[in-house]
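**Student:** So the sequence lines, in the order shown, correspond to chains A and B. Just so you know, my numbering puts the end of the first sequence at 117, numbered straight through with nothing missing. Just so you know, my numbering puts the end of the second sequence at 364, numbered straight through with nothing missing.
Since the hints were made in silico from the structure, they are not lab data. Treat the hints with care, since some could be wrong.
Rough simulated footprint, nothing fancy, chain B against chain A, three-plus residues with beta-carbon under 8 angstroms [unchecked claim]:
id, segment
1, 19 to 33
2, 94 to 101
Lysine-lysine pairs mimicking DSS-like chemistry, simulated, CA-CA at most 27 angstroms apart [stated by the list, open to error]:
id, chain 1, residue 1, chain 2, residue 2
3, A, K37, A, K89
4, A, K95, B, K288
5, B, K288, A, K54
6, B, K288, A, K37
7, B, K334, B, K350
8, A, K54, B, K310
9, A, K37, B, K310
Example chain B residues on the side facing chain A (calculated, C-beta under 8 angstroms, incomplete) [claimed, not checked]:
id, residue
10, P268
11, I271
12, D274
13, E283
14, L284
15, G342
Glycine included, each C-beta is placed from N, C-alpha and C at the ideal position.
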Amino acid sequence: MSMFNTLIPSFHRAAANGDPYPVCRPQFEVDETEGAYGVTVYLPGVSKEGLEITDEDGELRITGKRATKLPEGLAALHRESSDAAFELLLTHDSAVDTAKIEAELKDGVLRLALAKAESAKPRKIAIN
Amino acid sequence: MRFIQYTNPNTLSIAPASGFGGRFPRGDIEDQIDWLFGTALAGFAGSARGGQFPVDIFEDKDNTYVRAELPGVKRDAIGVEIVDGSLSIQATRNEKSGEAETAVSFNRLVSIPDEVQADKVSAAYENGVLTVTLPKKEEAKPKKITVSVN
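Make a model of the complete structure from these sequences and hints.
**Tutor:** Encoded structure:
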């Protein structure tokens, strides 16, 4: 546990960003293993084509557009889900090796493996 | 390491550092058992995991569609049944956290209109979304009657 490795979920509302489209924040979980951080994001209705993951300046942004596969011209009798795209913004300082981020999307669940940067791994210091 | 997470804030409250301490209720045995289970289950009840899931219902002239968001569920762990005019959807998701794997189950009962052909119901699961198509009976479909005027 080092104080330098911080993953802070940030709330970014569409209005505050000035984005023209509404977004909603998906359910997600973060866990840690020795060499990597694992992020699991639940993105129901998002296909591989609608998913975009970027990592820039210590900000990992996940955007997923829902691919609705229903015929046109339907009348909604009852709605609980939203058609808004998913957006999740996680900030990490440079504790993650951005070249080694792996992502897998299966059945609406995105699993990310963020390899820790060498500098963030615990190091044993030899004493002379 | 600093993590801000919003799941299961009560996980540790079952075992406070000083044993049960002053938090153990002084009531009768029933209160104590309720307290014990209430604490143990608090993490599940308060979280968005497990239990219910969002459901949408749509309709066109031929079918009624029920759409459920069930990300990360295997197809063979989904059960769709029609019982007494209700559509029952059950699903189980295996969640891995480190070495341990826990099964989270979901279920939901949706009332469906009477005019559904129960034997022709079909379901599809794609990208974590289950869509159940319920065809309407012929007599329930809107009919166009042409009246010839002489």
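**Student:** If a hint holds in the structure, say so; if it doesn't, say that too.
**Tutor:** Structure-based check of each hint:
no. : hint            : result
1   : 19 to 33        : holds (count 7)
2   : 94 to 101       : holds (count 4)
3   : A:K37 - A:K89   : holds, 19 angstroms
4   : A:K95 - B:K288  : holds, 10 angstroms
5   : B:K288 - A:K54  : holds, 22 angstroms
6   : B:K288 - A:K37  : holds, 18 angstroms
7   : B:K334 - B:K350 : holds, 9 angstroms
8   : A:K54 - B:K310  : holds, 26 angstroms
9   : A:K37 - B:K310  : holds, 22 angstroms
10  : P268            : holds, 4 angstroms
11  : I271            : holds, 4 angstroms
12  : D274            : holds, 5 angstroms
13  : E283            : holds, 4 angstroms
14  : L284            : holds, 7 angstroms
15  : G342            : holds, 2 angstroms
The structure is consistent with each of the numbered hints, conforming to all of them.
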